[in-house]
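Student: Each chain, written out:
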Amino acid sequence: MSATITDTRPPKKAPGTLALGLSRIGYETRLYFRSPDTLFFTFFFPFIMLAIFTAAFSASGNIGGNADGVGGVSVGAYYLPGMLAAGMLLSGVQNLAVDIAGEKSDGTLKRLGGTPLSPLSYFLGKIGQVFVTAILQATLLLLVARFVLDIALPTEPEKWATFAWVFVFGVITSAFLGIALSAVPRSGKSATAVVIPVVLVLQFISGVYLQFTALPDWMQNLASIFPLKWMAQGMRSVFLPDSFAAAEQTGSWDLVWVAAALGVWLVVGLLLSRMTFRWIRRDA
Amino acid sequence: MTSTPPIVQVRDLQKSYGSVEAVRGVSFSIAAGETFALLGPNGAGKSTTIEILEGYRDRTGGEVTVLGVDPRRGGLDWKARLGIVLQASGESGNVTVTEQLRHFAGFYPNPRDVDEVIDATGLREKAKTRISKLSGGQRRRVDVALGIIGRPELLFLDEPTTGFDPEARHQFWDLIRSLKTEGTTILLTTHYLDEAAQLGDRAGIIADGRLIDIGSIHEIGGADARIPLVRWRDGNGMVREERTSHPARVVAELVARLNGAEPEDLEVIRPSLEDVYLSLVRGNEAAAARTETAASAGRGVLTEQVVRA
Chain A
1 MSATITDTRP PKKAPGTLAL GLSRIGYETR LYFRSPDTLF FTFFFPFIML AIFTAAFSAS
61 GNIGGNADGV GGVSVGAYYL PGMLAAGMLL SGVQNLAVDI AGEKSDGTLK RLGGTPLSPL
121 SYFLGKIGQV FVTAILQATL LLLVARFVLD IALPTEPEKW ATFAWVFVFG VITSAFLGIA
181 LSAVPRSGKS ATAVVIPVVL VLQFISGVYL QFTALPDWMQ NLASIFPLKW MAQGMRSVFL
241 PDSFAAAEQT GSWDLVWVAA ALGVWLVVGL LLSRMTFRWI RRDA
Chain B
285 MTSTPPIVQV RDLQKSYGSV EAVRGVSFSI AAGETFALLG PNGAGKSTTI EILEGYRDRT
345 GGEVTVLGVD PRRGGLDWKA RLGIVLQASG ESGNVTVTEQ LRHFAGFYPN PRDVDEVIDA
405 TGLREKAKTR ISKLSGGQRR RVDVALGIIG RPELLFLDEP TTGFDPEARH QFWDLIRSLK
465 TEGTTILLTT HYLDEAAQLG DRAGIIADGR LIDIGSIHEI GGADARIPLV RWRDGNGMVR
525 EERTSHPARV VAELVARLNG AEPEDLEVIR PSLEDVYLSL VRGNEAAAAR TETAASAGRG
585 VLTEQVVRA
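Chains as they are written, first to last, in my numbering: chain A, 1 to 284; chain B, 285 to 593.
For the record, the hints were derived by calculation from the structure and aren't laboratory data. As the structure is a computational prediction, the values presented were derived from the model and not from experiment. Do not take every clue at face value.
Distance windows between CB atoms, simulated [to be verified]:
(1) B:Asp296 - A:Ser187: 28 to 38 Å
(2) A:Ser187 - B:Ala507: 48 to 58 Å
(3) B:Val353 - A:Ser190: 30 to 40 Å
(4) B:Gly359 - A:Phe33: 27 to 37 Å
(5) B:Asp399 - A:Phe44: 30 to 40 Å
(6) A:Phe33 - B:Asp296: 48 to 58 Å
(7) B:Glu569 - A:Phe44: 55 to 65 Å
(8) A:Val267 - B:Gly359: 21 to 31 Å
Using N, Cα and C, we set each Cβ at its ideal position, and we do this for glycine too.
Please model the complete structure; the sequences and the hints are all you need to start from.
Tutor: Structure representation (structure tokens):
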């Protein structure tokens, strides 16, 4: 520590909330890819599950085909929409809930709370990070599906338009729900123990790992309360043939209900995030 | 110093956690450019006080202004004028020293130059190393670097040199002196009394939630606490001590009595800040023990736990 610090003081304006938010997105995204836990349990998890399902069930033939085994879609093609939906949920809910709970308990948030960083810039950084990483994840999933598993992707622009709004809507909703859920764990160490079971159970009942249409009615109804079922349904409408719509609960893709459910959960997540977030745990 | 208003003004500050009073009526002020050392045992209320000033905690009573603003209402503009070095924390640190400083510099309207701060905190060799790979002392330097990157008018240093080796501590002192020269006002808490003596202009000593003494570093504790001690070994091998404000005269008389012979193991000891501090804190504990029952000891422990929580 050589002790020379010069004082030059040209007056400048404080950096804007938006500019700082963009700077946070870059910083947060870099941190995301430097965390091996996050990479495995959030970024690559859908890939791993897709690989396992494809390897395990491919021998039993196509799904949704005729009695003679002709038609339908391959196991990989059937699970692709579910894995895309799981990726959205993991990138938002699991990633942010664990990440922010950890930052709360290891002192990161306390340090930030003592700087002129606006909480809004902080959230822009988190949500932006979720977006950037979810887009990379989805793109990579689609590339693997197309070129490794040889799954035919839709060519109709309407399908991709549906994909875009379900994806954007679902990712934002997941991000806010992740911020809200981060308030629950009492410490960074317990965060994964609190968050992962919630996310895992949702994936099982919402048609990510198990065929949704094969689940009992009560489980389908239970899953319909939560947003993941709707994300998965929206994704199925994009990637599965229209003949599969008949197997859904109401016999159609119900995209209006997908939008409505995600909208409600977006508002819920936003309000909960707004109400529960603190730089530090308040004392009594 | 001058007629400028104080940078920090604390009047009758109180803070309770439930029925536990962690801070019970603390008052002090810090003038512009001054370095004020807040000293006291663990759990005495130092960190609670400093965190109220930083805006992290609410107070139960009293008045506080920091840079002319009540910390309860301190906005982003106010925070941009502060530098906060918290007690050591355990962040994951998957960024390099340079990346972290560059990122934090971006929060402030008029930050210091990142390379300048890296050099000033002795982190040049570690500039491209991830913070998670640094030793405890090196991480603490990063904390200090992040505290000064925004060119603060008021710098809070909460036990800044924990984990430093002696050389690093001396370098840190030089850094703080250069910040003082620049006019930065500093509020320091430390367990190293020599550090407080080296850096502080004034000190306040907190024990059991109360300020038990406050004054300039060279006068705190009062004249009586600073009377030098002459110590030597007499002809029978017994250690003798005499407290006197005229140590040279005592030594001269001693030598005269020995007919010019050299007294064995002769020492003239001027009480250090540490000696003064220890006698003040012990005196306070003894007074508390006299006036309160055994129940108060239990409460003291509880205070510490709550403050640490």
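Student: Are the hints correct? Go through all of them and say.
Tutor: For each hint, the structure was consulted:
1. B:Asp296 - A:Ser187: 28 to 38 Å: 35 Å, holds
2. A:Ser187 - B:Ala507: 48 to 58 Å: About 51 Å separates the Cβ atoms of A:Ser187 and B:Ala507, which means 48 to 58 Å holds.
3. B:Val353 - A:Ser190: 30 to 40 Å: 37 Å, holds
4. B:Gly359 - A:Phe33: 27 to 37 Å: About 34 Å separates the Cβ atoms of B:Gly359 and A:Phe33, which means 27 to 37 Å holds.
5. B:Asp399 - A:Phe44: 30 to 40 Å: 37 Å, holds
6. A:Phe33 - B:Asp296: 48 to 58 Å: 51 Å, holds
7. B:Glu569 - A:Phe44: 55 to 65 Å: Since B:Glu569 and A:Phe44 have Cβ atoms about 58 Å apart, the given range 55 to 65 Å holds.
8. A:Val267 - B:Gly359: 21 to 31 Å: Because 28 Å falls inside the window, the suggested range holds.
Checked against the numbered hints above, the structure breaks none of them.
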